[in-house]
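So the sequence lines, in the order shown, correspond to chains V and W.
Just so you know, we're using the numbering used here here: the first sequence kicks off at 1 and counts up by one.
Just so you know, we're using the numbering used here here: the second sequence kicks off at 1 and counts up by one.
What the hints contain is simulated information worked out from the structure, not anything from laboratory work.
Errors might be hidden in some of the hints.
Computed Cβ-Cβ distance ranges for the label pairs, DEER-style [as the list claims (entries may be wrong)]:
id, chain 1, residue 1, chain 2, residue 2, range
1, V, Gly59, W, Lys118, 22 to 28 Å
2, V, His28, W, Val368, 50 to 56 Å
3, V, Asp84, W, Asn139, 45 to 51 Å
4, V, Gly59, W, Lys232, 26 to 32 Å
5, V, Leu78, W, Ala356, 35 to 41 Å
6, W, Ala296, V, Ala22, 48 to 54 Å
7, W, Lys236, V, Leu78, 48 to 54 Å
When the alpha-carbon atoms are kept at most 27 Å apart in a straight line, the in silico DSSO-like pairs for lysine-lysine are as follows [said to hold, decoys possible]:
id, chain 1, residue 1, chain 2, residue 2
8, W, Lys254, V, Lys95
9, W, Lys121, W, Lys142
10, W, Lys142, W, Lys152
11, V, Lys95, V, Lys61
12, W, Lys223, W, Lys251
13, W, Lys315, V, Lys25
14, V, Lys25, W, Lys223
15, W, Lys142, V, Lys95
16, V, Lys25, W, Lys251
It should be emphasised that the depicted structure is a prediction, and the values quoted were computed from it without experimental measurement.
Yeah, the Cβ is synthetic: ideal placement off N, Cα and C, and Gly gets one too.
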Amino acid sequence: MAAPAQRTRTIIEASSKPHLPAHIKLRHDAGRGRWHVLAPERVFEPDPIAVEILKHCDGDKTVQAIAEIMAVEYNAPLADITADIISMLQELADKGVVRA
Amino acid sequence: MNEIMPTEKIAESSEAADLSCARAPVGMLCELTHRCPLQCPYCSNPLELDRVNSELSTEVWQDVMRQAADLGILQIHLSGGEPTVRKDLEEIVEVAAKVGLYTNLITAGVTLTRDRLKRLKELGLDHVQLSIQDVDDANAEKISAYKNGLQKKRELGAWVREFDMPLTINAPIHRLNIENLPNIIDFAVEMGAGRIEVANIQYYAWALKNRAALMPTRAQVMKSAEIVEEAKARLKGILVFDFVVPDYYAKTPKPCMGGWGKGIMNITPQGRVLPCHAAESVPGLEFDNVKDKRLADIWLNGQAFQKYRGTSWMKEPCKSCPRAEIDFGGCRCQAMAFTGDPTNTDPACKFSPHHAAFVAAAESESGVQTPPPFVYRRLGGAKEKVTAE
Chain V
1 MAAPAQRTRT
11 IIEASSKPHL
21 PAHIKLRHDA
31 GRGRWHVLAP
41 ERVFEPDPIA
51 VEILKHCDGD
61 KTVQAIAEIM
71 AVEYNAPLAD
81 ITADIISMLQ
91 ELADKGVVRA
Chain W
1 MNEIMPTEKI
11 AESSEAADLS
21 CARAPVGMLC
31 ELTHRCPLQC
41 PYCSNPLELD
51 RVNSELSTEV
61 WQDVMRQAAD
71 LGILQIHLSG
81 GEPTVRKDLE
91 EIVEVAAKVG
101 LYTNLITAGV
111 TLTRDRLKRL
121 KELGLDHVQL
131 SIQDVDDANA
141 EKISAYKNGL
151 QKKRELGAWV
161 REFDMPLTIN
171 APIHRLNIEN
181 LPNIIDFAVE
191 MGAGRIEVAN
201 IQYYAWALKN
211 RAALMPTRAQ
221 VMKSAEIVEE
231 AKARLKGILV
241 FDFVVPDYYA
251 KTPKPCMGGW
261 GKGIMNITPQ
271 GRVLPCHAAE
281 SVPGLEFDNV
291 KDKRLADIWL
301 NGQAFQKYRG
311 TSWMKEPCKS
321 CPRAEIDFGG
331 CRCQAMAFTG
341 DPTNTDPACK
351 FSPHHAAFVA
361 AAESESGVQT
371 PPPFVYRRLG
381 GAKEKVTAE
């Protein structure tokens with residue numbers, strides 16, 4: 001018998017190491033000149049900042065580490081950036097787009 | 001399947017182009033065949049089914065996949081009938097994946113073997129959508145006219161988990177299974193699904209023919225909405241819900257297909273390109289075939305796509321309605337089926353002069369204690385006398 005699938009909610013914290021599961025595809029669409037997240041029967045349209053964050057979701061970096069990079073890049077307070085990233089990734093985790 | 005494939009925004013952005021305004025469709029539904037071992041009385045296929053010897057060849061489907069990617073289509077839904085009865089499904093999926101399309105297999109799960117699923121995954125199949133009729137064996141058998149289907153679906157579910165593929169359970173809901181909704185949701189969790197479509201039947205084609213046997217009561221629909229809301233909260237982060245309401249009990253129509261010729265196109269087994277799978281029920285439309293024309297030309301210029309694209313075809317009450325670009329007047333096929341004129345507003349809309357009769361039809365049919373027997377979906381079945389016991 002196959003192993004049971006993940007049946008618990010992913011909770012995103014500063015120490016989480018988020019990644020996109022194999023069936024979720026962050027792709028650049030040359031025709032429309034923008035990025036998409038392709039998911040089962042859904043297409044998400046990330047804004048440019050969300051794209052940056054998702055590119056950092058490699059299962060290796062923590063949310064904290066991603067926030068530090070983004071805080072420097074966008075010259076914004078780390079605490080605010082961290083909270084924003086957690087909120088965005090939690091929402092995506094609840095839609096099955098991000099795991100940690 | 002889900003009637004449209006919505007797009008969602010991640011975060012806010014003023015500079016993000018709205019995908020739904022882009023000229024290319026986001027999704028394409030490919031009805032590879034009308035053959036199916038099941039005979040569900042709510043099938044979305046037309047009453048006149050395409051025959052096997054008229055189906056498109058492997059090469060044409062492969063070329064359609066290449067054209068679709070060039071056009072800018074992002075996702076393809078391989079459907080039917082039962083798409084796995086085509087022995088060349090693997091060859092079609094292989095090309096689709098290679099050209100970068102997100103591939104979704106929509107299956108009843110009774111004919112797919114473990115080896116074929118494994119091969120499909122290796123070739124790049126992204127997602128499996130498995131339809132169920134009910135989680136009660138006898139009832140599932142009655143609905144589909146197929147023995148031991150549920151057991152086969154459980155097996156397929158186990159293989160999907162074994163190969164670590166994402167799974168959606170599609171549950172068409174109607175009067176015969178609506179009381180089992182909590183068990184249907186439990187089944188999806190048990191199968192490891194990440195999504196469930198609690199899809200109240202939309203009454204076209206076979207479902208319209210069987211409406212009196214399928215329509216749930218308003219009270220049942222309200223109760224099912226409560227069940228879904230409770231389950232959504234309880235299963236947050238575990239199971240994503242898509243809840244499709246039956247529009248007979250709605251006040252505003254659904255934005256059918258997200259707008260005619262806006263986000264989705266549909267290809268029949270013979271290669272006709274439709275704005276929606278029921279579009280052939282609307283008179284006055286000319287459907288192009290992928291054997292004769294390029295997909296991009298059909299999408300941009302085809303008469304059937306242009307006819308009801310946008311809002312310029314509308315008359316009142318749609319024309320001056322503030323929701324004109326929200327729901328696009330609802331569904332042309334339903335307007336045709338119920339009012340005899342496809343340019344009328346959808347009778348699901350409270351502003352339609354036909355709305356009261358539309359609601360009354362649902363209420364009276366669902367209120368009958370013993371519903372009529374099913375007209376099962378099979379070749380020529382719509383012309384037969386009723387055959388179910």
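Worksheet item: So which of the earlier hints does this model not fit?
Response: Violated hints: 5, 6, 7, 9, 13, 14, 15 and 16; rest satisfied.
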